[in-house]
Amino acid sequence: GESVGLHLPTLSVQEGDNSIINCAYSNSASDYFIWYKQESGKGPQFIIDIRSNMDKRQGQRVTVLLNKTVKHLSLQIAATQPGDSAVYFCAENGSSYKLIFGSGTRLLVRP
Amino acid sequence: NAGVTQTPKFQVLKTGQSMTLQCAQDMNHNSMYWYRQDPGMGLRLIYYSASEGTTDKGEVPNGYNVSRLNKREFSLRLESAAPSQTSVYFCASHTGTGGTDTQYFGPGTRLTVL
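Chains as they are written, first to last, in this note's numbering: chain A, 55 to 165; chain B, -6 to 107.
Hints in this document: simulated from the structure, not taken from any laboratory. Don't be surprised by glycine CBs; every beta carbon is placed ideally from N, CA and C. Treat each hint with caution, since some may be false.
[As the list claims (entries may be wrong)] The calculated lysine to any residue pairs, modelled on SDA-like cross-linking and capped at a C-alpha distance of 20 Å, are:
| id | chain 1 | residue 1 | chain 2 | residue 2 |
| --- | --- | --- | --- | --- |
| 1 | A | Lys152 | B | Asn55 |
| 2 | B | Lys50 | A | Phe155 |
| 3 | A | Lys152 | A | Phe100 |
| 4 | A | Lys125 | A | Ser157 |
| 5 | A | Lys152 | B | Leu107 |
[Unchecked claim] Okay, the calculated beta carbon distance ranges per label pair:
| id | chain 1 | residue 1 | chain 2 | residue 2 | range |
| --- | --- | --- | --- | --- | --- |
| 6 | B | Met34 | A | His126 | 17 to 27 Å |
| 7 | B | Gln10 | A | Thr123 | 15 to 25 Å |
| 8 | B | Ser11 | A | Gln130 | 20 to 30 Å |
| 9 | B | Asp31 | A | Asn72 | 44 to 54 Å |
| 10 | B | Thr8 | A | Pro136 | 35 to 45 Å |
| 11 | A | Ser82 | B | Arg37 | 15 to 25 Å |
| 12 | A | Ala133 | B | Leu62 | 44 to 54 Å |
[To be verified] A short, non-exhaustive set of chain A residues, derived as facing chain B with CB atoms under 10 Å:
| id | residue |
| --- | --- |
| 13 | Ala78 |
| 14 | Tyr90 |
| 15 | Phe100 |
With the hints as extra help, turn the sequences into a complete structure.
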């Protein structure tokens, strides 16, 4: 069946370093991918998205890379800040706009 | 523009009690969704409504019912709560008309069933 998973459940980085969060997906027909950030006690917040006709997309301090050959998605956060500490979820679109979420990676930023 | 709002924020029920979780969005979105999130896990889709007047089952619909009251509101009902339904419930909405496919989430309802 369709699934979205993550390689690392917890990532600890030093403040100011770059962070890379990885995600694997299994449905090669998925054409839209999203990264969400979820802070403690809050709902998921949209960070960045990418369509399957792109390999890379950049936002403010964040970059998403898509490798369709190996069905891999990554989120890069530049100059990681304490406010970036959260759980990050990748998601892929299913049918009828249904999203399939991974289990999440917790990012911890050390001061 | 409040986005997606949910009520209540917290709720404690006894096994067998019923309740309705409310969700509203003011973004004129066509599609709305209910998810549950268990500790250390991602979100699982309970029910969704692709447009006003339609509802469909998601991944984990058992024990729940939904009502798309109008374009703005989508409620989730637990008829007879069970401890296995202890979770955080998130409502989301989506334009459903193309463009960005991003879903926007509410702040969540934390439900405990004793």
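Structure-based check of each hint:
Simply put, Lys152 of chain A and Asn55 of chain B have alpha-carbon atoms about 18 Å apart, close enough for the 20 Å limit, and the pair holds. With a CA separation close to 17 Å, the supplied pair Lys50 of chain B and Phe155 of chain A stays within the 20 Å bound. Distance check on the hinted pair: Lys152 of chain A and Phe100 of chain A sit about 15 Å apart at the alpha-carbon level, within 20 Å; holds. Using a Cα cut-off of 20 Å, the hinted pair Lys125 of chain A and Ser157 of chain A holds, with the two alpha carbons roughly 17 Å apart.
For a cut-off of 20 Å, the pair hint linking Lys152 of chain A to Leu107 of chain B is broken: about 31 Å separates their Cα positions. Between Met34 of chain B and His126 of chain A, the C-beta spacing of about 21 Å keeps the proposed range 17 to 27 Å intact. A hinted range of 15 to 25 Å for the beta carbons of Gln10 of chain B and Thr123 of chain A is inconsistent with their spacing of about 51 Å. For the pair Ser11 of chain B and Gln130 of chain A, the supplied restraint of 20 to 30 Å is violated, since their beta-carbon distance comes to about 46 Å.
Taking 44 to 54 Å as the suggested C-beta distance range, the pair Asp31 of chain B and Asn72 of chain A does not conform, at roughly 31 Å. For Thr8 of chain B paired with Pro136 of chain A, a C-beta distance near 41 Å keeps the hint of 35 to 45 Å intact. Checked against the hint of 15 to 25 Å, the pair Ser82 of chain A and Arg37 of chain B passes, with Cβ atoms roughly 22 Å apart. Distance hint for Ala133 of chain A and Leu62 of chain B: a CB-CB separation of about 45 Å, consistent with the stated range 44 to 54 Å.
Taking 10 Å as the C-beta contact cut-off toward chain B, the hint placing Ala78 of chain A at the interface is violated, the least distance being around 13 Å. The closest approach between the C-beta of Tyr90 of chain A and any C-beta of chain B is roughly 8 Å, which is under the 10 Å cut-off, so the hint is satisfied. Interface restraint check: Phe100 of chain A against chain B, minimum CB-CB distance 5 Å, threshold 10 Å, status holds.
Figure legend: structure checked against the earlier numbered hints; hints not met, in rising order: 5, 7, 8, 9 and 13.
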